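Keeping the supplied structure of chain A fixed, place chain B upon it in accordance with the hints.
Number of protein chains: 2
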Amino acid sequence: MAETMIPKATAKRLPLYYRYLNFLANSGTTKISSTELSEAVKVDSATIRRDFSYFGALGKRGYGYDVMDLLKFFKKILNQDRLTNVALVGVGNLGHALLNYNFRQANNIRISAGFDVNPDIAGTIQSGVPIYPMSDLADQLRQQQIEIVILTVPTDAAQGITDDLVKAGIKGIMNFTPLRISVPGYVRVQNVDLATELQTLIYFLDHYGPTLKDTDEDE
Amino acid sequence: MAETMIPKATAKRLPLYYRYLNFLANSGTTKISSTELSEAVKVDSATIRRDFSYFGALGKRGYGYDVMDLLKFFKKILNQDRLTNVALVGVGNLGHALLNYNFRQANNIRISAGFDVNPDIAGTIQSGVPIYPMSDLADQLRQQQIEIVILTVPTDAAQGITDDLVKAGIKGIMNFTPLRISVPGYVRVQNVDLATELQTLIYFLDHYGPTLKDTDEDE
Chain A
9 MAETMIPKAT
19 AKRLPLYYRY
29 LNFLANSGTT
39 KISSTELSEA
49 VKVDSATIRR
59 DFSYFGALGK
69 RGYGYDVMDL
79 LKFFKKILNQ
89 DRLTNVALVG
99 VGNLGHALLN
109 YNFRQANNIR
119 ISAGFDVNPD
129 IAGTIQSGVP
139 IYPMSDLADQ
149 LRQQQIEIVI
159 LTVPTDAAQG
169 ITDDLVKAGI
179 KGIMNFTPLR
189 ISVPGYVRVQ
199 NVDLATELQT
209 LIYFLDHYGP
219 TLKDTDEDE
Chain B
9 MAETMIPKAT
19 AKRLPLYYRY
29 LNFLANSGTT
39 KISSTELSEA
49 VKVDSATIRR
59 DFSYFGALGK
69 RGYGYDVMDL
79 LKFFKKILNQ
89 DRLTNVALVG
99 VGNLGHALLN
109 YNFRQANNIR
119 ISAGFDVNPD
129 IAGTIQSGVP
139 IYPMSDLADQ
149 LRQQQIEIVI
159 LTVPTDAAQG
169 ITDDLVKAGI
179 KGIMNFTPLR
189 ISVPGYVRVQ
199 NVDLATELQT
209 LIYFLDHYGP
219 TLKDTDEDE
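Going down the list, the sequences are from chains A and B. Counting in our numbering, the first sequence runs from 9 upward without gaps. Counting in our numbering, the second sequence runs from 9 upward without gaps.
Just to be clear, a hint being listed does not mean it is correct.
Since the list can't tell identical chains apart, any single copy or any two copies may satisfy a pair.
To be verified - Here are the simulated DSS-like pairs of lysine-lysine, each with C-alpha atoms no more than 25 Å apart in a straight line:
1. K16 x K50
2. K84 x K179
3. K50 x K175
4. K175 x K39
5. K83 x K175
6. K50 x K83
7. K179 x K83
8. K80 x K179
9. K39 x K16
10. K39 x K83
11. K179 x K50
12. K179 x K39
13. K50 x K84
14. K84 x K39
Derived by calculation from the structure, the hints in this document are not laboratory data. None of these values were measured; they are calculated from a predicted model.
The shape of chain A in the complex, shown without the other chains:
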């Protein structure tokens, strides 16, 4: 499959499309118009058409999209036929909630190891996931060939642990701490900063009011 460099905004919408197509397929729907898809995923149809165009012509004007075709296509793009194991570092309140979060529902992702400094938790199984002491970090990540880590440690521990993760060969970090961690160029960081998300919502309500639809321009 020929691949083009797609915009980050498009890549972010792919899992959304995939999940909804999965839902449609499960409910027996075989065809969907770009208007219906737009309504369901709350992305305007021009953006949907542009997103899809990066992967070649997937729909026919006046016919819409074939659900199974699209589903097969996104499944391949998103590597959904392969299980991705990730680790979670820091089993506090948020970490614990994420262990219980169903990442697998429409995404073939599994947290297969947790790590924590707390000796009361390390060595136990929490929500089905084995929790190891921090001293086992490098070893376990290597043994389990884990390249992606969810980081839910206290802010003041974030950079130190990030350095350890980088040394252990991690390629991607989903960073839930408010710290903007420093990593070498070959490590990818996805920041999920909950306070900032909430503050952005408040800012927009204070200043502008209602939701705009999802477009590249304002995202």
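Just chain B now, kept in the frame of chain A:
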């Protein structure tokens, strides 16, 4: 203060700038160059200068930025002198973690009420926050003049509860469910879809490798 319509990407970075400036001020730093700021918040300096330019010229070439000036400015923009009360609906694992999440640290936000269907939780105080039964939703939101809700309910309950929230006069929803909820045009929704964030990270590692710096173009 004259206000321009700023891009969503800029608005999302304001809390980040604000938090870092707060940190600088607390540590006694009075001046910062745009290069230092760029390093710390991981946003390229051209983007920082452009972001700041929406609010008028805030720095001087060759001198950098005055920390206290910037801080005062962002404090006003972000309404940090006023406490914002929000509610949380759905006190499950994730909801509970968010009750413990320190939204106030650098952001003047407080979860002042929780709501849940579970009679074992409703009527209790969890992590300092009173939890009310769903039947009290409209009443409590009105009494506490809450306009913003964090939604952490099961997916199949999300749309029904959203409709109730809209009826109760809510203006903003931070949606943690994977469902793209339907709301009237005057209600703003901020989606925080954890599985999608993680899948986007995996997608980028599979296809392109390392992190790009934060710019409008690829966000």
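How the hints compare with the structure:
Proximity of K16 to K50 under the C-alpha cut-off of 25 Å is found in both arrangements, the shortest distances being 18 Å within a copy and 17 Å between copies. For a Cα distance limit of 25 Å, the shortest separation of K84 from K179 inside one copy, 21 Å, qualifies, whereas the shortest one across copies, 39 Å, does not. In this assembly of identical chains, the alpha carbons of K50 and K175 lie at most 25 Å apart only when taken from different copies (21 Å versus 41 Å within one copy). In the homo-oligomer, the alpha carbons of K175 and K39 never lie at most 25 Å apart, since the shortest distance is 48 Å inside one protomer and 34 Å across protomers.
With identical chains, the CA atoms of K83 and K175 are never at most 25 Å apart, being 32 Å at best within one copy and 38 Å at best between copies. Taking the shortest alpha-carbon separations for K50 and K83, only the intra-copy value of 21 Å comes in at or below 25 Å, while the best inter-copy value is 32 Å. Taking CA atoms no more than 25 Å apart as the test, K179 paired with K83 passes inside one copy only; the shortest distance there is 22 Å, against 36 Å between copies. In the homo-oligomer, the alpha carbons of K80 and K179 never lie at most 25 Å apart, since the shortest distance is 27 Å inside one protomer and 38 Å across protomers.
For the homomeric pair K39 and K16, neither the shortest alpha-carbon distance inside one copy (27 Å) nor that between copies (34 Å) is at most 25 Å. Taking the shortest alpha-carbon separations for K39 and K83, only the intra-copy value of 17 Å comes in at or below 25 Å, while the best inter-copy value is 50 Å. In this homomeric assembly, K179 and K50 come within 25 Å of each other (Cα to Cα) only across copies, at 18 Å, whereas the closest approach inside a single copy is 32 Å. In the homo-oligomer, the alpha carbons of K179 and K39 never lie at most 25 Å apart, since the shortest distance is 38 Å inside one protomer and 35 Å across protomers.
With identical chains, the CA atoms of K50 and K84 are at most 25 Å apart within one copy only, with a shortest distance of 23 Å there and 32 Å across copies. With identical chains, the CA atoms of K84 and K39 are at most 25 Å apart within one copy only, with a shortest distance of 19 Å there and 50 Å across copies.
Against the hints set out earlier in the document, violations occur for numbers 4, 5, 8, 9, 12.
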